[in-house]
Structures are given as C-alpha cells and as structure tokens.
Amino acid sequence: MKFMEYQARETFAKYNIPVMNGVVIDSVSQVKEKIKDLKFPLVVKAQVQVGGRGKAGGIQFADNVDDVIRISDKLLFTEIKGHKINKLMIVEKANGIKECYLSIILDRQTKCPMIIFSAEGGIDIEETAVKSPDSIIKVKIDPAIGVQGYMVQYIINKSGISKNIAPSLLEVIKQLYKLFLDYDALLMEINPLLICEDNTLIALDGKIDIDDSALYRQPIVKEYRDELQEEELILEARKFRFLYIPIEEKGNIAVISNGSGMLMSSIDLISKANMTVGAALDLGGGATADRIKEAVRIVLSNEDIKYLYINIFGGITRCNEVAQGVKEAMEIQPKGKCVVVRLEGTNKEEGVNILNSSNLDIVSVDGLVDGVKALAERGAV
Amino acid sequence: MSILVNENTKLIIQGITGREGTFHAEQMLQYGTKVVAGVSPGKGGQTICGIPVFDTVREAKEATDADATILFVPAKYTSDGVKEAIDAGVELIITIAEHVPVKDMMEIYHLSKRKNCKVIGPNSFGIISPGKSKAGFMAHKIFSEGSVGVMSRSATNCYETVSMMTKNNIGQSTCIGVGGDMIPGSTFVELLPLLEADPQTKAVVIIGEIGGNEEELAAEYIKNNMTKPVVALIAGKNAPKGKSMGHAGAIVSADGTGSAENKEMLLKQAGVHIAESTEHIVSILKEIM
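Top to bottom, those sequences are chains P and B.
For reference, each letter of the first sequence is one residue, going 1 to 381 in the UniProt record's numbering.
For reference, each letter of the second sequence is one residue, going 1 to 289 in the UniProt record's numbering.
These are calculated hints, taken from the structure and not from any lab test.
Only true hints are included.
Counterexamples of contact, computed for chain B against chain P with all Cβ distances above 12 Å: (1) G18; (2) Q30; (3) S144.
For lysine-lysine, the following DSBU-like pairs were computed, each having C-alpha atoms within a straight-line distance of at most 30 Å: (4) B:K115 with P:K174; (5) P:K207 with B:K243; (6) B:K241 with P:K207; (7) B:K76 with P:K14.
Just so you know, even glycine gets a beta-carbon here, dropped at the ideal spot from N, CA and C.
Could you put the whole structure together from the sequences, leaning on the hints where they help?
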C-alpha cells in the first residue's frame, strides 16, 4: 500500500525526520485559518498518486493568502491524469543548496534492506540509474548489524557530497530504517532530500510503500488506506477478499482465475493471440458459489468489459461451486456479455454439467488454450 | 531417489488440530507420507488420525526423530512456528501460508541460512515426490512418478503443467512449490544442485514469474553447472508494470527490473529451453526426453 505525500510527511515528522512546516486542507474555506502560522512564500501541492504532477500544474507557489485561495480553488476537486484532487498540502517553501535522493528498499537480491543514495536528487531516479549508474550508491543493511556510521562515511566518499552533513545524514538514515522496520515497509523514499546551508537536511517529498501482508499489525497504516482513492472495483473486490487488477485501459476482456500464476498465464496467452485484457480478478483458493457470483458481478459491472474468461484449475476450489456461481450471476446479468468458462480439477464433470444445462449463453471449453480460441471466435479483440 | 522428501521422510505437521491441518494430515497419510507427529500448543497428548500430538516441536522431534515439518498455521503465526522448528533442529521446514509479512520472511531467510536448515515457501503448495511421499496440500492425483524435476513459483501453473505431463506419460521425480512471495525460504538456484545430483531426475522444469531475480540467478547456475536439460516458463509477460499480480513477488518495477524479457534472455543464453505456455513445456519435454 502506497502512502499519499501528506501521509508520508506526517510519518517522517513522527520519527523526527525534518520536514517543512505545513498543513493539509480539503476545502477552500479552511485556507485562511489553517495557514495563518505559515511563512510565505508557500507551495501548494495537489495530493494525487500519479507521476508528472508538477508538470501538470499540481504544484504551485503562492506569495500571499489570496494566491493560496485562488490556487486552492483552481486545483481542489479537479483531476490530474484521471486522479481526483481531494486534498491539498500547503507547505513553506524551502531554501537549500542541494537536492539529493535517499531511500531504503527491500532488496530482493540480498534479501536485506538496502540504502540507496544519490547526490543527484529531485529528478527521476530511475533515469539517473540508467544514465549514470555510478552516481547511485547502494549500501546493504544486514539486519543483524543495522545502520552504522561507516555506511554514511562510505556514502559520502562515493557520492562526493560534503562530509559536514555526515551527522545529520546518519541521523536521518537511522530514523528512516527504524520507520522501515516499524511500519513493515517495502520502500521508504525521500526525494528530494534537501541539504541546507547549515548542513541540516529536510525531507521535501516522500514515498512510502507498505507490505500489504503486514497491514493486520499496522493499525495506523490501515487508517491511511481509508483515505486513499482507489478504484471502486478494487475496493468492492477487496470486500470479498478478491484481488481486482486493472490491466489495459482499452481492453474489453476480463479474466477470473483461482490463483495469480494461472491469471498471468491466461493474460499472456490472450495477449499473444493479439487480444487485449482490460481487467483481472484473482479468486484465491476455495471460493464458494456465493463468492464466485459476486466476482462475476464485480467484473462485469465494468462497462468496458464485453468478454469474460473464467479459467479454473481446481484443487481446493471446486468446479461445481464455480459453475453454480457463474450460472447464478449470469441469470441476473443483462444480455450482451460473452462468458467463456474453462473448468479443470476437483468436481470438473459436475461443473461442466451445470453450465451445459443452464440455457444461458455460457461457453464451456476444455483447456486453457481452447478458451483463448473461443474468445477470438466470438469476436474479442 | 527424488529430492527433499521420499518414502523415508518422517514428517511433523504443525497446526495438525486445525481444520486444514487435520484434513491434509489424512490426505498425506493416504498418499503414503510418514506423518510421525503433530504439534499444537496446549493440545499435546491427543491423537489425530492415529498421529500423536505434542505441545512443542522439540518434544515431537525428541519422540520421533522427525526430519521435516510442514506448517498448517495462519500467516501471522508462521514466523513463530518456523523459528520453533529451526530451534528444534528440524532440517526441512515447509510453509504454505499466503500473506506472510515480508519482514518475517527476511528474518527467517537469514536465520535458516545461519542454522543450516532448508525452508520451502511460504505461499507454496509444498513438495511432492510422486509415488513416494507428499508434504503439502496439492491435489496429488494429477502427479505421476517419473524423471522430471519441477520447481514452480505458482501452484496453479504447476498443476496445469503437471497434469498435462501426466496425460502425456511424462512423470515427475519431485515437484517443489518455491512459492510466490518476495522472499522465498529457498530459491531456484538453491534447489538446482539437488536436482542435478539426483539420479532419478533427468530433466528440470522451472516455472518462474516476473519480478525478483531468482530466474536470473538460476540462469547463471545452469550455465556453469547443470548437465541436465532445463525447460523454463516465465509467466506474467503482459502484466502491467508497477502492480503486484497477486503473488507479492510478481511485480515488475517501473524501470523494468524483473521483466520476463530479461529473464528469458539470460535463461536462453544459459542453454535453457524457453516455453511460451504451460502446454509448450510438455511439447518441449516430449522432444528432448
């Protein structure tokens, strides 16, 4: 789960990582009261989780209260690249001498947290990594060793930044690592990390990504999740413990499967046959007819979806339950959607019989590849 | 032969008194697995399907000299259960739970290496050596004894492949679910030497996915060390970037790290046969065996 910028800023502040003074508003009427203690000039930042926010006008500077009101009025509740702006963060404009990049990620190669630092911050770090890989310094944190002073020494020597910031950089990295562990994070990123004239550091913007599997023991993070804007269908699917994944915007095929491996294989085969998948839904294991019915309903409530491929290799999942659920869902669906079902595994025959005797427009196929062919034959693209 | 589990493996089931634990204890016994003990804190002294239940792994191990354990416990208790098994000196620990926090697995990964034991999973169907023994929840009917070693990050893709192999009379030596998480207890590259050394195994199938670099590391090992033919499938070529595909581990970052293209290229360079689909795996196996 990814944090919004204001959530990241709040979190950094809790762990004594310096951030700029600022407030969050969700209505223009709050502006005057909320910003009264802030020093101009101010920066108004639209809270949306989408890249290229600055270029799209989502970050603007204000010299007085009227400016803030005018900008807030212009930005609030409009959209940037399809993401609605429900909140604005208003912070004091920072003065510094250099913008760096700092993050701690979970490195899958070493299976350890890893510090990533670059003296060239503020911009797209992935681009920097390609253009000048030497400017990206990586330091593995052995969990048994933790963050130590020599790591910062190494970062300073390799990146060429002033050694005067060593004490403040060590402090920030130590706190960021503590956050990383306390919050079950996959990523804690500060970009840009501003170096000020007095050798202090300020986190100007941040990204935090939390391990979804650990949310049960992260009550604060769970609260934050409720404030995120997520697609309605993702939320709806989550209620039933399904995972809904939007794929290609222009796709009109949806895939439902009982495991992510099978889901990916199905999408690969469909794409290879030059058709486009719009959405996918992972049932997980052991779904019952009632839940299957909901899964079909959720996916088909997306108006762009015209074709549905249900691909099941049932172990714990029983094919008769799947067939029953599909049948019940289709009985109440308006006409015009084509459903292809492939059943294999536990109680396959019972399932196929349920489908074949249903008098509904459900295509039952025998095999993963046959299902893909059936989609093409019925005009999916 | 086969690897990791065979007809002599003495297995503990942690969480045997739970619904899934009891059900699969019976399934494993029926298949021929030597399930020697169950563990359930506070429930020691019972028997389930004739299997004695102990309060702790240590007591179970002392009483039965078991050499492997499988955990049918929820994700939030998996870390505690694995640590208990490691501390009791069990050499092979199989974890099946989905959604184990990655921080827990990070700890377990490093701990298991230090203590010299093998952890398989989590988010895995377990291990089966067809005709001999199974330690897992896989639908064993689709497996058949033979000479192909199979390792898979995905259960469903493995089922699909194995059932087609069996229909085409291509049996398996051992099938291992390495699991779909970001940090698996054991990776392809750690299991390949076992398959290379196993006399029953004549060829190896790797069912990988986008994300991480386990396939890349496998490619390097295969290039330098494997004499047996290897077939690989990488699922998720058409998955959207930056989105986890349900398996926490199946995610391609915005810069392309973990992409299917890179994995396939390196595997190909290592002499691995690249399959385009699960069906294609079987047709390649038919050709090379």
